[in-house]
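Let chain Y serve as the given structure and place chain A on it in line with the hints.
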Amino acid sequence: MEYKVEAHRIMSISLGKIYNSRVQRGGIKLHKNLLVSLVLRSARQVYLSDYYGGVCFSAQQVESKEWELMDAEQNKLRPAAEEGPAPQKDAGLGDATPVADEPTSQPQADGESPAGAQQPPAEADAETGGTSPAGPAEDQTGGGGRALPDEAGTPGAHSCPTRKRGAEKSHHACSPQKRTKVTPTPDSSGAAEEPEEMETGNVSNLITIFGSSFSGLLSKDDTPPASEGEDGDSGSGQICCDQMLKNLNPWTTAIVAF
Amino acid sequence: MAGTGAGGNDVQWCFSQVKGAIDDDVAEADIISTVEFNHSGELLATGDKGGRVVIFQQETENKCQPLSRSEYNVYSTFQSHEPEFDYLKSLEIEEKINKIRWLPQKNAAQFLLSTNDKTIKLWKISERDKRPEGYNLKEEDGRYRDSTTITTLRVPVFRPMDLMVEASPRRIFANAHTYHINSISVNSDNETYLSADDLRINLWHLEITDRSFNIVDIKPANMEDLTEVITAAEFHPHQCNTFVYSSSKGTIRLCDMRASALCDRHSKLFEEPEDPSNRSFFSEIISSISDVKFSHSGRYMMTRDYLSVKIWDLNMENRPVETYQVHEYLRSKLCSLYENDCIFDKFECCWNGNDSVVMTGSYNNFFRMLDRSQRRDVTLEASRESSKPRQVLKPRRVCAGGKRKKDEISVDSLDFNKKILHTAWHPQENIIAVATTNNLYIFQEKVN
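Protein chains in written order, with the UniProt record's numbering: chain Y, 1 to 258; chain A, 1 to 448.
Just so you know, these hints were derived from the structure itself, not from any lab.
Do not take every clue at face value.
To be verified - Distance ranges between label pairs, derived from CB positions:
hint: 1; chain 1: Y; residue 1: MET1; chain 2: A; residue 2: GLU274; range: 25 to 31 Å
hint: 2; chain 1: A; residue 1: LYS124; chain 2: Y; residue 2: VAL5; range: 55 to 61 Å
hint: 3; chain 1: A; residue 1: ALA174; chain 2: Y; residue 2: MET1; range: 52 to 58 Å
hint: 4; chain 1: A; residue 1: ASN222; chain 2: Y; residue 2: ARG9; range: 28 to 34 Å
hint: 5; chain 1: A; residue 1: ARG376; chain 2: Y; residue 2: VAL5; range: 41 to 47 Å
hint: 6; chain 1: Y; residue 1: VAL5; chain 2: A; residue 2: ARG375; range: 38 to 44 Å
hint: 7; chain 1: A; residue 1: ARG299; chain 2: Y; residue 2: ARG9; range: 45 to 51 Å
hint: 8; chain 1: A; residue 1: GLU328; chain 2: Y; residue 2: ARG9; range: 22 to 28 Å
hint: 9; chain 1: A; residue 1: HIS238; chain 2: Y; residue 2: ASN20; range: 43 to 49 Å
hint: 10; chain 1: A; residue 1: GLY298; chain 2: Y; residue 2: MET1; range: 24 to 30 Å
hint: 11; chain 1: A; residue 1: ALA174; chain 2: Y; residue 2: VAL5; range: 25 to 31 Å
hint: 12; chain 1: A; residue 1: ASP23; chain 2: Y; residue 2: MET1; range: 45 to 51 Å
hint: 13; chain 1: Y; residue 1: ARG9; chain 2: A; residue 2: ASP415; range: 22 to 28 Å
hint: 14; chain 1: Y; residue 1: ASN20; chain 2: A; residue 2: SER280; range: 51 to 57 Å
For glycine and all other residues, C-beta sits at the position ideal for the given N, C-alpha and C.
Only chain Y is shown next, with the shape it has when bound in the complex:
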């Protein structure tokens, strides 16, 4: 546990250093940023390995149960137009035709759309490009009327508005969390694990802010990330960062401080 706290602290410090290096006189120092990114990678490995190692084993059990539930639900929905007794998630899907097609599409999309109901407002702010993913937005309009009241009670949904933003990389890291949130079986362990999942998600998002050159941190083969020696995206990075900072919950104050 202590390892995790330490690793998280080191990650925050490293991100702060990378952020500060952008404003240092003389330009970005490649050597220092490379070393900092190596530390960041090591800390992240420890942090994540610890996470999956056993500390949150119960979370995995919850997740696997939820997968089974969702599979069962999908099977029910396949005949189409089945709403009444179906769980909350399906109610969110609504009976509008475009939305009803969702169960047949990837499970990932299923997880998204009810979550998507709350996220587009934050999304529109958070996306610098201004073009939020069209899919979930459309779904929301289809089933939005019914989805929203249902979603109001979902615990923790408001606290991760930034899940959807950024590249597919952070998206990939975040999607397991959405499934956990959506199903109506929030264990206490599930709720407890959410802030911790949040950390990885938020850190991943922060890394996305600082530039795509950090894709190595988020990819599976863990190639060391390059520093931003020749990338000059400080402008968009700044905008992302400001809006990101507004939406972070207090748990990540350390990162916000930077």
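Leaving out everything else, chain A in the frame of chain Y:
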């Protein structure tokens, strides 16, 4: 014992001089960033963050007082580099002098190379002690005389004047480096020199400024695959075809320019396997080599990483022949040192004249003398308190833990803002120059 260059614990070091402002409020521009003796040791150059070079000259010994040691006095001061702006990348280029290297003296003038992050300059430092007087058409102050008043003709003659030292830029080697220059090294052929940045090393001819040859390029095709950078490079002192460069991963590569035009493939790779018991988050940072220096003999080279100094025999690649711990008591403090950025400090190291002793800096204005022949080491301090003329320096001890003995200083009391990164040793005598943040201390061997 002057002339043999022997040092170490038989030698007692005493304070000679200190240069620089006394007040504790340090102006950033005054921070010393490089120190270098010339080949005879008569001249000592320093560069600072403000882009200035100050050269001190050793006074010839006073014959009236044979026991007094010669002193270094200011010889020349000039602004070498100015801050610049790269408009294409919207980046400011610092004027800080990263390195100074002297050229061997060929005539009455002295030449040195100084570099900042992007541009290398060749400076000529010459003396003028005579000037022509008695012009026919000009007054002494330069105004032209009324030609109607000239009735006679005379030959101008040279008359002595007060010594004036002039520094003029003779060559400017620019636009060859995308990344920050960390090293320059003059070749033993006295015609070429190399400059190294984070990813590339270029070979220049001293006379030609509009082109340079790239001899090492470790930039990966995709910057995302970057794993190491070049941290220092130096030519062999005698073999003009050989140079070494160190990396952030703790390896040193020796390259032979005769093998191919592009020396991406090394002739020798010097690397010591990492001790797995010392693994931590910061292992990669502390193994990064901050300086590499050949011995005067050319048989050995010395590398400095964050916690140690290693001596390598060029004939043995798999491990160093000697390893010295500089401040092992910092190993348990690496996390704090990472937070306050001290772990990124780049310490330099130097050899004495006969390669028997090496010296490197530490924190709290401490510096370490490591005697290779006697296998002993001593820690000394450069401080204003020990700055009385010819005061002998007392060895300092750091207490790592447990009960602190008298005269020891505990690790937690060390001042990490007072760091000695740059040191230089006179090529022949036991005279050392040690740079604290903004002061230059000169210590000499005690003469009985």
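Verification of the supplied hints:
1. Y:MET1 <-> A:GLU274: 25 to 31 Å: Holds, since MET1 (chain Y) and GLU274 (chain A) (Cβ atoms, about 27 Å apart) stay within the stated range.
2. A:LYS124 <-> Y:VAL5: 55 to 61 Å: 59 Å, holds
3. A:ALA174 <-> Y:MET1: 52 to 58 Å: For MET1 (chain Y) against ALA174 (chain A), whose Cβ atoms are near 55 Å apart, the range 52 to 58 Å holds.
4. A:ASN222 <-> Y:ARG9: 28 to 34 Å: For ASN222 (chain A) and ARG9 (chain Y) the Cβ distance comes to about 31 Å; the hint holds.
5. A:ARG376 <-> Y:VAL5: 41 to 47 Å: Holds - the Cβ-Cβ distance for ARG376 (chain A) and VAL5 (chain Y), about 43 Å, lies within 41 to 47 Å.
6. Y:VAL5 <-> A:ARG375: 38 to 44 Å: 43 Å, holds
7. A:ARG299 <-> Y:ARG9: 45 to 51 Å: 46 Å, holds
8. A:GLU328 <-> Y:ARG9: 22 to 28 Å: This hint holds: roughly 25 Å between Cβ atoms.
9. A:HIS238 <-> Y:ASN20: 43 to 49 Å: 44 Å, holds
10. A:GLY298 <-> Y:MET1: 24 to 30 Å: 54 Å, violated
11. A:ALA174 <-> Y:VAL5: 25 to 31 Å: Check failed, 49 Å falls outside 25 to 31 Å.
12. A:ASP23 <-> Y:MET1: 45 to 51 Å: Since ASP23 (chain A) and MET1 (chain Y) have Cβ atoms about 49 Å apart, the given range 45 to 51 Å holds.
13. Y:ARG9 <-> A:ASP415: 22 to 28 Å: Check passed, 25 Å falls within 22 to 28 Å.
14. Y:ASN20 <-> A:SER280: 51 to 57 Å: 23 Å, violated
When held up to the earlier numbered hints, the structure conflicts with 10, 11, 14 and fits the remainder.
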